[in-house]
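Asks: The whole structure should be built from the sequences, with the hints applied where relevant.
Taken in sequence, the protein lines are chains A and B. Each residue of the first sequence is one higher than the one before, starting from 1 at the first, in the working numbering. Each residue of the second sequence is one higher than the one before, starting from 1 at the first, in the working numbering.
Read the hints as simulated data drawn from the structure, not as lab findings. It is possible that some hints are incorrect.
Said to hold, decoys possible - Simulated crosslink set (DSS-like; lysine-lysine; CA at most 30 angstroms straight-line): (1) A:LYS118 with A:LYS221; (2) A:LYS107 with A:LYS82; (3) A:LYS349 with B:LYS38; (4) A:LYS149 with B:LYS38; (5) A:LYS242 with A:LYS120; (6) B:LYS38 with A:LYS280.
Stated by the list, open to error - Here's a subset of chain B near chain A, in silico, CB distances under 10 angstroms, partners left out: (7) LEU22; (8) GLY43; (9) THR49; (10) VAL50.
These numbers come from a predicted model, not from an experiment. Every residue gets a Cβ at the ideal spot worked out from N, C-alpha and C, and that includes glycine.
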Amino acid sequence: MSHAVKGGHGHKPVKTQVSKITVAGPLKEASRALSALASAGIFHPEEGKVTDRGLELEGMEDLADRIVKLKSLVELIGPFFKGRRVPKHQTLPLKDLKQKADQLLIKADEHVISLLEKEKQLNRDLEALKEDLQVMTNLNQDIDLGVLKSRNVFMAAGKMPTDAVKKLKEDLVAHLPEHVMISGFWDEGWSYAFIGVILGNSDKLKQMLDEHKWLGIHIPKASGKISEIADILKAQIRATEKVIHQARSQLVDAVASLYPNLVAVLEMLENYYRVVELAKYARQTKYAFFLEGWVPKSQKVALLKLMQKTDGVVVKEPEFDPEDAPVFIQHNKVSKPFYSVLSLVGPPKEGKFDPTPTLALTFPLFFGMMVGDVGYGVLITLMALLLKDQMNALFKSLLGKEFGDFSKVLLISGITSIIFGFLFGEVFGNLAHGLLRPILFDRLEGIVPLMVSSAVIGVVHLNFGLLIKFFQELAHSATHAILGVGSWFLLQGVVVLLALGQTTPGLVLLTISVIFMGKFEGIQGVLEIPGFVSNVFSYMRLAAIGLASAGIALAMNVLASMAGAVAGILVLILGHSLNLVLAILDPFIQSTRLHLVEFGGKFYTPARRHYTPFSISNKFTGGEMIWMD
Amino acid sequence: MDGLTAIGVGITLGLSAIATALAESSIGSAAIGAMAEKEELFGKGLVLTVIPETIVIFGFVIALLMIMGV
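Replies: Pasting the structure below:
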């Protein structure tokens, strides 16, 4: 079911988009009601009520056990089911489903597992035959192996370093003149040999072999001339390969008939189990159940209708504190990926501004300024385009589901890096020196303008944060907004006046602004004045990180020019790859930090939680869940 | 730039980097501990861990001012 709900925007404060509801009903209807809630995918159960002892649903026992078994089976045979679609299955009643799962497990054991085992055994046999053939192929004499295997002979088979073979042969001639030794090449630096001595000399031979770094190998079972054994082995290998091929097609056929049912039944079982998990949020008395949660306001009617279908179930809408409600926000296509940065600390609180759209502008700007290199910018852009899925998966696994579309942030940031690259005249550091002239200035030579522009960007960004705070406060109290938040702007006016040499008006303004700040922002506000200065300094990381990146690139280019042609290219590739990784990681972390700590610190208050509806999977199945007959 | 200034620049940058490293090591290990309990705290941990980096930025700015002879 779709749950499109309009959410907060950057221009307006966030408003509660969800309603609190409580669902209560007779205990015997609990499984039906909870199944409907889970299937609808719009209900966010109230957290903090989960205990080990929630509502117990009839028939929930043995579900987990069957799921584990089916899951491992699906993982085992999944690789043999390729390129076919699984048709949609109608969800079975729980009782039938359990039976069906058991039947499938038995069927899999009889038909598929046995074939899998057979194929595994055949592959093991094939490996053994190939090993025997290798042993038989490279020997320097074509003797009858049966001689070495006769009753009065002790035979050793093993490998050793090739340079030790000659010494072993000499020792054998010297100490055990009655011996047979045939040897051959094993692989790089290693040879192997079969050595036969009369039975009484076996200990002496073993002792000698130990001194020659001898490693025993498998002795082929076959007897007869070595060349004949090799021919027989080749024929056996061909025959085994044929059998394996047949076994594989039998296995693929068996899997094809079993797998679709298996994944569908697994999904059904997992969906029933999801309802068991939802039940953990519920409470029960002797005859009734009770569950609290949240739905988007626009979906409330749909949920009420859904619950009406269940006998005796009542839905109430209790009063709630908007600050306590989970936050549900939707963004437009462009700004949505940038919400991931904010999600690191939480969604914006009720009544506060959602700065996501502004992040879409300033995040890539800061990122680009720190990277500031056409070469790295192009590579980041290409990576964001070509390795989109892999990068999304990586960021999602590290930082959470909100980062599932982070490649878009990298794409835009890559483009801004290219633009700044042209402004600073950098392509992999100074590689295009002379060809590409900086439009603004060279970063390594123009450190002062770089630092100053970072500080200016900082002042503008911080003031933008203060401006958001001003409008946020304006909604509650105009006096507080104008005199409290406004005193921060006054203070900056003081700095300008003092810089212009207007000491008296400057000091008067300073006194006024400190008084207002103390009154409206409290002593904390006054203490934060040095904090504002340190925040401005903090923006100098835009220059510092950029300089470090340009410095590393320059160092790699100098190193490469000192090395030869081949080594130079290697140094360039390795060095710039390392710097590229840093050029993605560090600007990301630092830009995130500037937005969350310095900028966000001025006005942003994160809420406790997101709206995350409880849902089930409908990939292979559909229809209602039926718990009892 | 004379020798003493150069030593001063080195000490400024070096000590502020050590200070950042010490602060980040404690925050980082605490963040890893929190993550072990609750995996979704990775993002918050990351942001908290880089907070002391401002110290080395201060060091960097002062070092630059010293180099420029301000």
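Asks: For each hint, tell me whether it holds in the structure or not.
Replies: Here is how each hint holds up against the structure:
1. A:LYS118 with A:LYS221: Roughly 22 angstroms separates the two Cα atoms, so the pair holds.
2. A:LYS107 with A:LYS82: holds, 20 angstroms
3. A:LYS349 with B:LYS38: It holds: about 22 angstroms lies between the C-alpha atoms, which stays within 30 angstroms.
4. A:LYS149 with B:LYS38: Violated: LYS149 (chain A) and LYS38 (chain B) sit about 64 angstroms apart, past 30 angstroms.
5. A:LYS242 with A:LYS120: Holds, because 14 angstroms separates the two Cα atoms, which is no more than 30 angstroms.
6. B:LYS38 with A:LYS280: holds, 20 angstroms
7. LEU22: Violated: closest Cβ of chain A sits about 19 angstroms from LEU22 (chain B), beyond 10 angstroms.
8. GLY43: holds, 3 angstroms
9. THR49: holds, 9 angstroms
10. VAL50: holds, 5 angstroms
The structure does not agree with the numbered hints 4, 7 stated previously, though it agrees with the rest.
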